[in-house]
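At position 3 of the sequence shown (counting the first as 1) the number is 313 in our numbering, and the numbers step up by one without a gap.
Because the hints were derived from the structure by calculation, they are not lab data.
Among the hints, erroneous ones may be present.
To be verified - Simulated DEER-style distance windows between Cβ atoms:
#	residue 1	residue 2	range
1	Val394	Asp433	15 to 25 Å
2	Thr366	Thr410	41 to 51 Å
3	Gln339	Glu385	44 to 54 Å
Even for Gly, the Cβ is constructed at its ideal location relative to N, Cα and C.
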Amino acid sequence: MEKIDNLDRKILNIIMRNARMPSKDIAVQCGVSRAAIHQRIARLIEMGVITGSGYTVNPRRLDFNTCTYVGVKLEKGSMYRDVVAELERIPEVVECHFTTGPYSMLIKVYATDTSNLMELLNDKIQHIKGVTETETLISLEQSLNRQITIRMRSDDKRY
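All chains, full assembly: derive it from the sequences and hints.
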């Protein structure tokens, strides 16, 4: 795998804060040409460092007022992929993680309210073959939401 250097890191830090920033402005901040920015971003996409772009939507503005984390216990850990396939059919499930600890999986669910959440849990999630138990943790407020900080490497003196 190709290595990323400090210029790549600087570009990433800039576009993670504002993906809509024009390339010319990124180029000015980085002290390189606009073409260099385009090439670097294309390479970072090709390398799989940048995995997506787009707009972030506020679920509350779309009446999804209840954000919930659900710990899911499975009959057998090997059922994980089958359960994920079923969870993908539930649009309100927005994240799914295979975990260690007390749960086999941790999922993030958005519901319009607690009644809708109960319906999702009782009529959908708990009916998936292999799901033996769920524990629900309702988020009262999201206090932090950010990307990982990309640190400059001290051994890369070029940028």
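We went through each hint and held it up to the structure:
Remark: the range hint 15 to 25 Å for Val394 to Asp433 is upheld by a beta-carbon distance near 19 Å. Checked against the hint of 41 to 51 Å, the pair Thr366 and Thr410 fails, with Cβ atoms roughly 29 Å apart. A hinted range of 44 to 54 Å for the beta carbons of Gln339 and Glu385 is consistent with their spacing of about 53 Å.
In summary, the one numbered hint that this structure violates is 2.
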